[in-house]
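Letter by letter, the chains look like this.
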Amino acid sequence: MSRELAPFTWTRPAQRRAAANVVLAWGPLVIVLFAAGWRLSGLVLALCLLVIGAGALAFAAMRAAASFDGGWLVRRLDEREAGLEDSAGLLFAEGDLGPLQRMQAERIAARVAAIEPATLADGWWRDRIAVAWLLGTIALAAIMFWPSADNQDEARAGTGQTAASGPSETRLTGGRVRIVPPAYTGLEAWTSDSLDISAPMGSRIEWTLDFDPQPSTAAVQLIGGQSVLLTQGEKGWTTSLRLDAPSLYRIDAAGMSSDSEAHRLEPIEDVPPQVRVIEPATGLVTMRPGQRSWRVVFEASDDYAVDRNARLTVTTALGSGENVTFSERSRTVTGSGDPKRRRFVVDLDLASYGLEQGSDLVAQLTVADTRSPERHVVRGPGVILRWPAAAPAEVDGLDLMAKKAMPAYFRSQRQVIIDTEALIARRGSLSPDELLAQSDSIGVDQRLLRLRYGQFVGMEVEEGPRRPPLPIAEKDEANAQPEAEFEHHDGDGHDHGAAPESPVFGSLGDVTAEFGHTHDDSEAATLLDPDTRALLRAALDEMWDAEVNLRSGRPEEALPYENRALEYIKQVQQATRIYLPRVGSVQAPIDMSRRMSGKREGIVGGGATLEPFAIEDAVPATAWRALAGNERIDLAGLESWVGSNSARIRDPLGVLAAVDALRREPTSRKRREQLRSALWVVLTRPPTQVRRRDDGGELGRRYTRGLR
Amino acid sequence: MFANQTTPEFLAAILIAGGSLGAAVLLLLRGWSWRIALLAVMSLACGALLYLALFPPRLPVGGETLVVATAEAPATLEVAPGERLVALPGAPAIDGAERMADLATALRRHRQVQRVRIEGRGLAPRDRDLAAGVPVEFTPMALPDGVTRLEPPADVPAGSVFTLAGEVTGMAGVSVELLDPAGRIVDRREIDGEPGFLLGGSSRSPGLASFTLRLRGANSEIVSDTPLPVRALAEDPVRALLVGAPSPETKYLRRWGEDSQVDLASTLNAGLGVDLGDRRAGLGSAQLREADVLIIDDRTLLRIGSGSRASLARAVDAGLGVVVRMSGPATGPLRASWRSLGLAVEGGGEALPVALPPAAPDAEALAALRGPGSRDVPRDLNTLDDALPDIDRWAVRTPGTFVAEVTDADGAMLSGWQQRGQGRVALWTVANSYALVLNGRSDLYYQWWSDTVSAVTRAVSTFRPEVTALARAGERVTICGIVGSPTVSDPDGNFHALAIDPAAGPKGCAAYWPAIPGMHTIQQPREDDTLSFDFAVLPSDALAEARARTIGEETALWAARQDTAEERGGVERDGPAWPWLLAWLTLGGALWFLERRWRDHLRPA
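Going down the list, the protein sequences come from chains L and X.
Using the numbering used here, the final residue of the first sequence is 828, and nothing's skipped along the way.
Using the numbering used here, the final residue of the second sequence is 623, and nothing's skipped along the way.
So here's chain X without its partners, still in its complex pose:
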């Protein structure tokens, strides 16, 4: 134990302590008077000063705190001694603040800084990339009033409904409205109590549409309008096989396939070799390899035998999607046949009613949601007051690996899937979903089936770059999922080459700084053609509240990470020794002088 401490400091300390203590004890042995006590104390102090003169205490270099003013920092920022104030871009004018281009520059210029304290909203993304190397202190400001969180929908299929989530803070009795690109109200929510909200809308043909999120105050006055781009993608038709018996469900599934531009081949076995389907949709391995998804009813799946099911399972392993459609209550053999495909569910013998959501909050919103009618479906065919159909679902119990895809208004699972190998197997539990079509809710029928099939269809490589959601002009946009030498074209028609960051690895990411708001297009050339992907850039002042919140939260996370990082190396050095030496000399001189002076008093009595 002592071996570790036999440093020169330790030895010197032992020796000096011994010497000074010895001197003090010798003095005290002579008797007791205030003079002797004073001299003993001075001897001890002298020993301490000698040690300090030999080994002066280490001093931190500079030892300053860097106070970083960011956006919305108070204009009268008090700076304590030993603190240095810098202002980043976006900060207000503060007296005595040094303007810096970014945090990295500030840290480079002031190497003696030992701590950083951030004042204001927080750091911009570019400043959060670096590791500060020193502890960072940051207290987020109170949330601003307004829409402080907005989760925009990802890409939606054409014609699909979408939901968007958000949060309004600091305001009570307000409402949010979703306006479609024509300015009509599609959905509305009152905000009271819970700050979060969900709004729904519907997309149209493929393209980039600009919805608006409108926040209305307690007196219905417009507080803010936030642009909200929604992208509907054009997709290649999915190749689907429909195998089953003729039934209303298969009839309307064929109609769904035709309308939703699914390349659907069907076999509808009416018994005794009579097929009412339009084309031969067999379960041969070649056909299964080519198809993207197979829709099969539970009875047919049971009937085809274990050999065919095994080959089907192999096809699922290789990436095929299967939707098993329940046509009646589940039985033991049926569940066993599902299990061979990787669907491990229990129950399913009991039918429960499906809770259907109302089509829209009001008639105007319904009209906006539906759009104009067509020749087949006039717009006044169904109204909001129409009774909802009674449909049932088979209540199955699902394991944790089962992912619910479609749920009803009460959150009960209507369809969901499980992964098996590269493919997925879905279970459709609605017993008579075609009743939706018969009762004028074909939109819901199409939505549910398209969602279910979209979830399991064979995964293919698509050109769908990941772009920062809600990009703003003047702020960095991260674009991932690109290869080669892509470019971005801005609304003015200028092309900007993207440089893929090798550090991002196989994700293929590049950064882009949009200068102007509007529709930008990523273009990635291939051998024979060019893939393109649109994304919208919002004006730089959009989403100010949400941005403030994000910046605060991310800066707090970043600051927490900096605390754990190791401190800057080589920042301490030995302090100056001469003051200690001087003090030791002075005290030693005084001791010598006093001892001489009080020689008589020190004699033992």
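In isolation and in its complexed conformation, chain L is listed as follows:
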């Protein structure tokens, strides 16, 4: 009977429960692996993972189930049922049992039979299964919703398709613009993806556009201008246009909604070339004695290229006083270097110009760029070479007087300082009287210098030199004019040098005096800018203090003033200088019939007539006023006005865009306001008008009549 009890009927429920627990607890992992594989790589890897996972799971489940065998059953029965008296093993024992054993087995067999096999199995792994599925669900969700690059692209494409309008509407699906600048610019053609174009003036603009679906016709519609038809070719719809004026355009195709965006066509204007003088460093150069040739170097720069050939104009002014004759010669010079920055080196042979003392030579370069069809021609600054005029002729018999009254040279401030320092060094060996005499003689120099500079700020000349002659070259000077000793002691080591220390300042001052018509009055002051004048005044103040100290025999105390004066003068030399060009004057013809007769009638024929100030903004001003109300606007007239005045206006396209917007919505008050705002920018500010005074009506008139 004991043999009737098969152990597997007791163990099977437990085995099933164990396998199910394993499968349920680890199954989510397999599913997550499957999903991750699918997401990362694809279905093949996912299926592989699924198969492997399922196999592993099955193996693990079988292993788990296998541990629930007969031994386990006996142990479980013994520990659970105290009534089995630890004898469950007898029931399932293999082989024969002893009589006592058999009796015991049969005694408990009935008790065992009463036990439900399912109750022996372990419980469900509730916690583990729940946690596993929870984690699995989270992982699955993460895998499903984790954003990936592919997905984004797909999403965008999807929205693009959904946002597309109805199937019948033609859309612009792509476009390229090729810009071919004019050949003279030397720029490569380039392709732009944007339909807003900014390119050198005269460029050729080639559009290549794609539409979907294909329209019957398409055009590039210039706003307020012509319409350029697009032709269909292999690559798409193409056309081209020469960019000459700024305008707005719109791509227009049959079946396309008309309110498409307007694009800009902006030409970049060619800038005229610029000419700079490299050598000489100053605009005015004094001729060296014996100078045979003169080198002038110009540099011309342009945004694209400067023409290789330029024209050099040499003007000579011969003669002096009122008898000055001008002659002009020009020749072609060739430049070198980078086309954008060419250098023109000119060596002038001075002998061929027949220069004489007191004459000027002005060199000027005229350059052109390579713009086509019309070139920009620019005349550069002139540089002047001067052969200084001879010193004024001496009057016979007055030699001594003239020389005494007009010391030809004044010392430079630097020389005054050097002299003072030398005097201080030697003062130990000098008697007080000698010291005072020498110091006083330096003070005289300082005074002359002060007077000289004082002329430029309009200082009245107290006495002394009215107008020192031009400083001239060392050698000529020495021959022409023996040094005039003036209040000096022999051998004091302080005789006047031949040439001034700083010829630049002196000569420049003389230029101002000569051509700028410098008088010894305050009018001369207008030739210098206020900053320079202030500096010069400061220098003069320092000189004055230095002079006072020198004159009273205190060279040490004079020295700081002298140094400061020198500092200021250096600053003045670096300040801006003014050159007034020397040009010929055109006199009115002499009326011979009236000459010497004393008749004055009709000298002025009706007086001078003035040309009215021209403001060419009547069109926008009228439109601007009309826009405030409800009046009709002449949009076409406005557009053509903008077209003809586009050079003057900062942003003509802004106005055109506003005009176009209003044309499309003629009744919109907002568009009118926008156009009005845009027009304000182009309105010229008229000269301030005179406002008529209102008399205040009857009341105001009565009031003013009552005034006493």
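What the hints contain is simulated information worked out from the structure, not anything from laboratory work.
Treat the hints with caution; some may be incorrect.
Unchecked claim - Covered stretches of chain L, going by a simulated chain X footprint (3 or more residues, C-beta under 8 angstroms):
{"hint": "1", "stretch": "347-358"}
{"hint": "2", "stretch": "660-673"}
{"hint": "3", "stretch": "735-745"}
{"hint": "4", "stretch": "768-776"}
{"hint": "5", "stretch": "812-822"}
Stated by the list, open to error - Which residues of chain X face chain L? A partial, calculated answer using Cβ under 10 angstroms:
{"hint": "6", "residue": "200"}
{"hint": "7", "residue": "203"}
{"hint": "8", "residue": "223"}
{"hint": "9", "residue": "474"}
{"hint": "10", "residue": "501"}
To be verified - Some chain L residues judged to face chain X by a derived CB distance under 10 angstroms, without partners named:
{"hint": "11", "residue": "423"}
{"hint": "12", "residue": "433"}
{"hint": "13", "residue": "650"}
{"hint": "14", "residue": "651"}
{"hint": "15", "residue": "720"}
{"hint": "16", "residue": "827"}
Don't be surprised by glycine CBs; every beta carbon is placed ideally from N, CA and C.
Since the structure of chain L is already known, use the hints to place chain X on it.
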């Protein structure tokens, strides 16, 4: 003195006082005990009650205070007993407040009101027209943050610069910007310390332009944008005479006249009968009668002699404007010649430098101020960095009747005028103003000369109605200076007839309520044509802070006026007599009862 007071009340008071005092004294003469004292006091009280029963005290009728809630009044307004709360339009929802269309309705409905207290921002203009008849109490609220005052420019001549004044309260470290109609910045000021600011811009051709005042916060964020209409008027050309000697100044004055559309006739005497002017501009009385303004230099004025000066003075009396241009230091004879024209100035022998203002705060603003260039004057001709010219002015001392018209950046007078009769005489003290043109500041030259000539030119009757500055939609606009049957056309093209208020007298004023913002035009028909005048109406929500401030200030002024007005007549009446009578009877009964009861105690000891 007593004659004035022999009223029945007075006589009754004397009698009753005598009786009750007598009774009290008689009682007290009997001895001293607390009973006697009590009875004496009761007798006196009885006398007082008898008087009150005969002449009951006057009671104010109602005696209520009307609490008027206006805009921004607190929503939880506490009302004390004896106060009645009404809410005007614009006030928030307040519990227990009675809604009223306006203050006049509220006062009419509640005639018993004796005082008015106003809560909130203040009263709208329509409520301030009436005299309340009762004292009004009003405490203005604190100023709101923002642009609380804005003085817009009046009409400006075309091409002229204008200034606008304003005030920002409650904010520190902010800045204000003036934007032109295209949205470009024309001027900018930082606000720190002083709340007031001045901004300048320039007008263009005649018309109504809409500038914007932008308030930027401490972090440059936009706080508010306030629209600001600026009107440039089209003017008939002024007829001017220019008399003097040929000089740079007269040369550029002729240019100014040509450009500024002045009908200028000139005589430039070069001596010996040679005239370099374009037309004969004489000083004959007929020519002076026709001209609006005469520009003459000081030396010429001296040379023409006293007879011509007298006729010139007569022409000024009749309305001619004269500008005397100083060409050198003033001397005694020169000043005497000016005095004959009505210019009483002293000094003028000393030349002082003129302080010139910079053209603009920065290069962008300068471009916006100037506008595009013309063929003659390209826009890049002068830059902001260009040096300013040195020009001088003759320092004159002016009397109090002298009005400075043009001043330099430091406030020194450059030109000004004095009234003489119907006309005005101006003095131009800048010695070499043409240097402005030569140095690229012709805008300043034109501005100064146009301002000076505008100030003195002959007054004529122009159609220039006075309209409330910064009118808002939904708010009453006062239009003055109109006659006949004018109309206003609104932006929608509808016409509204204006009814001129006969009470306004010769000023000719009418009221107008604009419904929509935008440009409105006043049209006044004449025999053969129609005069028109544009004005802008701002949106109803514009200038909220400035409006709040104005309302507060004007309401405070109005409230102060109400305090001085006489009180409402017939608001007091006699109070009821019966309570007093009853009290007298009761007290009298008690007195009688006690006297009987305490008869023994009252016997003298």
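Now the hints, each set against the structure:
no., hint, result
1, 347-358, "violated (count 0)"
2, 660-673, "violated (count 0)"
3, 735-745, "holds (count 6)"
4, 768-776, "holds (count 3)"
5, 812-822, "holds (count 10)"
6, 200, "holds (4 angstroms)"
7, 203, "violated (13 angstroms)"
8, 223, "holds (4 angstroms)"
9, 474, "holds (8 angstroms)"
10, 501, "holds (9 angstroms)"
11, 423, "violated (17 angstroms)"
12, 433, "violated (26 angstroms)"
13, 650, "holds (7 angstroms)"
14, 651, "holds (9 angstroms)"
15, 720, "holds (6 angstroms)"
16, 827, "holds (6 angstroms)"
In terms of the numbered hints stated before, the structure departs from hints 1, 2, 7, 11 and 12, listed from lowest to highest.
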